[in-house]
Amino acid sequence: MTKLIELKGISKSFDGERVLDSINLYIRDGEFVTLLGPSGCGKTTMLRIIGGFETADEGSLYFDGAEISEVPAHKRHINTVFQKYALFPHLNVYENIAFPLRLKKVSKDNIERPKRIPEEEIKKRVLEMLDMVKLSGFENKSVSTLSGGQQQRVAIARALISHPKVLLLDEPLGALDLKLRKDMQNELKAIQQSIGITFIYVTHDQEEALSMSDTVVVIAEGEIQQIGTPTDIYNEPTNAFVADFIGESNIVDGVMLEDKKVKFSGKVFDCVDGGFGKGEAVDVVVRPEDVDVVEPERGMLVGKATSVTFKGVHYEIIVDIGGFKWMIQSTDYVAPEQTIGLYIEPDAIHIMKKSKYSGKFGDYSSFSDEMDKLSDADAAEEF
Amino acid sequence: MKYFSKIYIFLILGILYIPIVTLILFSFNESSSTALFTGFSFKWYYELFRSPETFEALRNTLILAASSAIIATVIGTAAAEGIYKMRNKLAKTAITSVTNIPMMNPDIVTGMSMMLFFVAVAAILGISYENIGFTAMLISHVTFCLPYVILSVLPRINELGDSLSEAALDLGCTPIQAFFKVKLPNIMPGVLSGMVMAFTMSLDDFVISYFVGSSDFQTLPLLIYSMTKKQVKPDMYALSTLIIVTIFVLLIITNVKSGRKSAHSGMGGKKK
Chain G
1 MTKLIELKGI SKSFDGERVL DSINLYIRDG EFVTLLGPSG CGKTTMLRII
51 GGFETADEGS LYFDGAEISE VPAHKRHINT VFQKYALFPH LNVYENIAFP
101 LRLKKVSKDN IERPKRIPEE EIKKRVLEML DMVKLSGFEN KSVSTLSGGQ
151 QQRVAIARAL ISHPKVLLLD EPLGALDLKL RKDMQNELKA IQQSIGITFI
201 YVTHDQEEAL SMSDTVVVIA EGEIQQIGTP TDIYNEPTNA FVADFIGESN
251 IVDGVMLEDK KVKFSGKVFD CVDGGFGKGE AVDVVVRPED VDVVEPERGM
301 LVGKATSVTF KGVHYEIIVD IGGFKWMIQS TDYVAPEQTI GLYIEPDAIH
351 IMKKSKYSGK FGDYSSFSDE MDKLSDADAA EEF
Chain B
1 MKYFSKIYIF LILGILYIPI VTLILFSFNE SSSTALFTGF SFKWYYELFR
51 SPETFEALRN TLILAASSAI IATVIGTAAA EGIYKMRNKL AKTAITSVTN
101 IPMMNPDIVT GMSMMLFFVA VAAILGISYE NIGFTAMLIS HVTFCLPYVI
151 LSVLPRINEL GDSLSEAALD LGCTPIQAFF KVKLPNIMPG VLSGMVMAFT
201 MSLDDFVISY FVGSSDFQTL PLLIYSMTKK QVKPDMYALS TLIIVTIFVL
251 LIITNVKSGR KSAHSGMGGK KK
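The listed protein sequences derive, respectively, from chains G and B.
Going by the working numbering, the first sequence opens with residue 1, and the numbers climb by one from there.
Going by the working numbering, the second sequence opens with residue 1, and the numbers climb by one from there.
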């Protein structure tokens, strides 16, 4: 797969505030890439730079090997599905989707003068698109009478009808309810696979990112934190921010004694990572679902359960171990205030180098506060 | 209490409409008396349609109102779009206030300054003021209509925002196409109401026209005024009645139309 889009040293500031800080990233042809990060991390700005709605202060943007930093939006083979759909209210569904085709003039051979696309062809392609997004029969409806999900589909059809090489999607499912969102996730993925073009998808929803993408780009504070497949990102986060943002994580301070031996919470554990210096301070990540609850005498760590919440599939247990609160997800019931042992397999322990995010995440002592903060961030408007 | 509110509304309506009703009534009076209704007749209407002077003034007024409304709408819409696109906040505020001055200015000041200006221009160009009568009138009418157009278009543009234009650009429109194919249709209600406002302002204007106008280009308000110097003949009542009826019909049409539209877009209000 070839590099279709490449960002080299892209930086952007708004009113003196640096939103993107020398971003380097390439996106391959036919890939489903998700830009994932909390609100205000710069992911939408990145998308708008690729789409041509913002120009970068520094750095350059390449498309198919050619620099397009200065090419205006309407000349790029990139189309966008906007956050609020941006359908044209003065046109019906059919005309909204046909809109890009009506602008185009094509010449069959290069000798002939470019002509408008004939009406029959427009009709054929619009109906095909409507069929693809499952809106056949909606041609003559006014867009304002459609539901959010239907408007979304029209926006997708409109963006895809002129066969762009890249489709940008700016939190397209943000306004839909949960059930509809799941359906649309599957559908979007299916559409992407059937037409085989590159999708660049912006979201703050980590679950959405993991389930749809080939590649996830985690962004925070205008910098790329990690690029990788969903499995890599989840299993081998590079720093405390990624570990915390993707899923739930217990992140504790540790010291590497030697390769595959790490000490944390006063105990020495076997692990599978190496390549760190002897005695190097590290962040240790343990996913809540990777911890087994055992009898206190068999436990590698022992602590008291301070809160137990039933979550349906499992119980969420907060355990106090030497003052540090761990989150454990277990299908076994544990009574609050009960002393339990924890057992951790070597491959459940992931070691990360210290970063500027160390110590900021991964402690569940203020669990409820953190939940509030997260839901606030979800609700906050992305700029 | 209920009686009181009923009496109150009739009182208000009475104060508003009794003079107009009197005018309409007397336009059908047989004699030219302003005190006694001597009998019903269409005499003054007949008289009105026989007077070439009145007819020409009416024609002039309509031509002037239509052309100044159209020109003001084009310039005003372009100006509103320009103001919207301005990045510098200070300059934006400054320009907006400056464009509002012709509206705040007393007509008499605007009229006098316009007259001085055109007299000077005519003198510099070495032509008689009579020859630029229509042009001078048109320019001054466009000038005082302009703020009303901007005032009615700018909020629409602000409300619409950038998202639709960006979508149009994204789908392959040039910036010009994006404006005409997407933005303009969506701000049309504002543009049209600006145009109607400009039309009526021009139709209605007396003070500025009085200063700027020359004897070869008479508008209806000027004509009526010049006639009152002698004596108001009931054919002017007839003319006023016709104008009132026209405005009344126009009002009903626009109200019915917008009423239908808002009933129709009840669903549209929710989408975002």
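Be a bit skeptical, because a hint or two may be false.
Short derived list, chain G residues pointing at chain B, Cβ under 8 Å [said to hold, decoys possible]:
1) F53
2) K104
3) R158
It should be emphasised that the hints constitute simulated quantities derived from the structure, not laboratory data.
Where a beta carbon is used, it is the ideal one built from N, C-alpha and C, also for glycine.
Hints, verified against the model:
no.: 1; hint: F53; result: 6 Å, holds
no.: 2; hint: K104; result: 7 Å, holds
no.: 3; hint: R158; result: 7 Å, holds
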